[in-house]
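Residue-level listing of the chains:
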Amino acid sequence: MKYNWNWGIFWQPAPDGTGVYFWWLISGLGWTLATALLAWAIALACGSIVGTLRTTPVAWAVRLGNAYVEFFRNIPLLVQMFLWYFVLPELLPKALGDWMKQMVPPWASFWPAVLCLGFYTSARVAEQVRAGIQSLPRGQGMAGTALGLKLHQTYRYVLLPQAFRIILPPLTSEFMNIIKTSAVALTIGLVELTARARSMQEFTFQVFEAFTAATIIYILVTLVVVVGMRYVEKRVAVPGLISAGGAPMAGH
Amino acid sequence: MFSGFDFDVIERSLPYLFKEGMTFTLTLTAMAMTGGIVFGTLLAMMRLSSYRILNVPAATYVNLMRSVPLVLVIFWFYFLVPWMGGWIIGANQPIQVGAFWSSVITFTLFEAAYYAEIMRAGIQSVARGQVWAGNALGLNYWQTMGTIVLPQAFRNMLPVLLTQTIILFQDTSLVYVLSITDFLGAAAKIAQRDGRLIEMYLFAAVVYFVISYALSHLVKRLQERIAIIR
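Top line first, the protein sequences correspond to chains A and B.
Counting from 0, one number per residue, gives the positions in the first sequence under numbering that gives the first Met the number 0.
Counting from 0, one number per residue, gives the positions in the second sequence under numbering that gives the first Met the number 0.
The hints are simulated quantities; they were obtained by calculation from the structure and are not laboratory data.
It is possible that some hints are incorrect.
Label-pair restraints from in silico Cβ distances [said to hold, decoys possible]: (1) A:ALA44 <-> B:VAL205: 21 to 31 Å; (2) A:PHE163 <-> B:ARG11: 46 to 56 Å; (3) B:ALA132 <-> A:ALA40: 43 to 53 Å.
Partner residues aside, some chain B positions facing chain A, computed with beta carbon under 8 Å [as the list claims (entries may be wrong)]: (4) SER66; (5) VAL67; (6) PHE74; (7) TRP82; (8) LEU173; (9) ALA204; (10) SER211; (11) GLN222.
Covered stretches of chain B, going by a simulated chain A footprint (3 or more residues, C-beta under 8 Å) [stated by the list, open to error]: (12) 125-135; (13) 159-172; (14) 175-184.
Every value quoted in this text rests on a predicted model; they were computed, and no experiment measured them.
Yeah, the Cβ is synthetic: ideal placement off N, Cα and C, and Gly gets one too.
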């Protein structure tokens, strides 16, 4: 039994005439990163708002925030992907739905993928933000009130700056998660890195070369993120404020 | 909005969805959980070992698995397992591995990396004095681990292990990329056959939600009970 290795395959032209297979994979990486970055912007914005709401003394806001998190956490990402891609255009008003369905190919799967990943991850970010705020001593909020700060000022100047510093490490792993989970978007036709490796395998039958290359690229991206975030952590660190090592979280 | 909604298609396909689809999903979840926790615990013990020959491979394995998307891992093993199998039994060509065993192996090996990190934290959560006490009683490594450290580590980490299993349950839906008939696969097949995408995907979402939500509430209650006992 012998597998025919052919590492030169990356420099052979791809069938669609856009260059060699190596650039195929790199363009896949481009889509992976574009999807992940845009989705991360949504996740961070919505997650911070929802996570903060869940720590306020306002009962309905807490309940709303909890419902939001439960909704996005208890449905598999792949099912959510299908809901955004197949189901949402049908449930929207007809004109809007038709407009979504008629988008030009890469965008028709790109935007649903971005929204899906963004909101899915926002629930996980919200959970981290809530945990971060609640890990602060209760006296911090009270001190804010005693100084005459309004509730939003207490959050803006006292609680959130500390909470975000504490949750920086788990947020880093959420960011790496979003890069990895963006591969699920291949099911709705987004040609990102994993999809590129898969179609390279289908065209060339060089299974292991294609997947090895994709794996190495993912590892390199992970390394870049880790190093980058370590730099950010150092930049924003406040001397004396020791970030506690969080409890282990289940997740991917 | 729901005027054209065909509830009948759901009712008609219930036996197929649950008898074939959900059975596959739950079997895969249970097997991958068992295998993943056993292998993950071994990996955690290796990682905490002071022998480099044990902790370096374990750390490499865990970090590798954790930096690659699950979809890519599923593809990897789908093609790799037949070759590895052929290589192990010395066959002349890759052996045939059914979709079921291919996905059991994939999820076991993938989830093991995540369970390993949880168990590592669990083992470290047990006070050092417990190990010393075991040594003082004359127990060897396996006895200390098996009778003193691991039972406490499991107990401390039970909620996180179960939460990870709920995530595993949701993740098994990704076998869709291999066209396997798990619960979502079954729903997707009927959705495409009958042109009833909305009904089937919404129904799948509801079923997954109900199961995951119920389980996560059980975990939460369990966590509270354990917290009181400690």
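Here's how the hints hold up against the structure:
Taking the beta carbon of each, ALA44 (chain A) and VAL205 (chain B) are about 28 Å apart, inside 21 to 31 Å as hinted. Checked against the hint of 46 to 56 Å, the C-beta distance between PHE163 (chain A) and ARG11 (chain B) comes to roughly 51 Å, which is consistent with it. Restraint check, ALA132 (chain B) to ALA40 (chain A): a C-beta distance of roughly 52 Å satisfies the suggested window 43 to 53 Å. Because the smallest distance between the Cβ of SER66 (chain B) and any Cβ of chain A comes to about 4 Å, under 8 Å, the interface hint for this residue holds.
Annotation: interface hint on VAL67 (chain B) holds; nearest CB of chain A at approximately 5 Å, less than 8 Å. Because the beta carbon of PHE74 (chain B) sits about 6 Å from the nearest beta carbon in chain A, less than 8 Å, this interface hint is met. The beta carbon of TRP82 (chain B) is positioned within 8 Å of a beta carbon in chain A (closest approach about 7 Å), and the interface hint is therefore held. Taking 8 Å as the C-beta contact cut-off toward chain A, the hint placing LEU173 (chain B) at the interface holds, the least distance being around 6 Å.
This hint holds: ALA204 (chain B) has a C-beta 5 Å from the nearest C-beta of chain A, less than the 8 Å allowed. Taken as an interface hint, SER211 (chain B) checks out: its beta carbon lies about 4 Å from the nearest beta carbon of chain A, inside 8 Å. Because the closest C-beta pair between GLN222 (chain B) and chain A is about 11 Å apart, greater than 8 Å, the hint is violated. For the segment 125-135 of chain B, the stated coverage by chain A is violated: 0 residues have a C-beta nearer than 8 Å to a C-beta of that chain, whereas at least 3 were required.
Check on the segment 159-172 of chain B: 9 of its residues sit with their Cβ under 8 Å from a Cβ of chain A, so the three-residue criterion for coverage holds. For a cut-off of 8 Å, the count of residues in the segment 175-184 of chain B with a CB near a CB of chain A stands at 3, and the three-residue condition holds.
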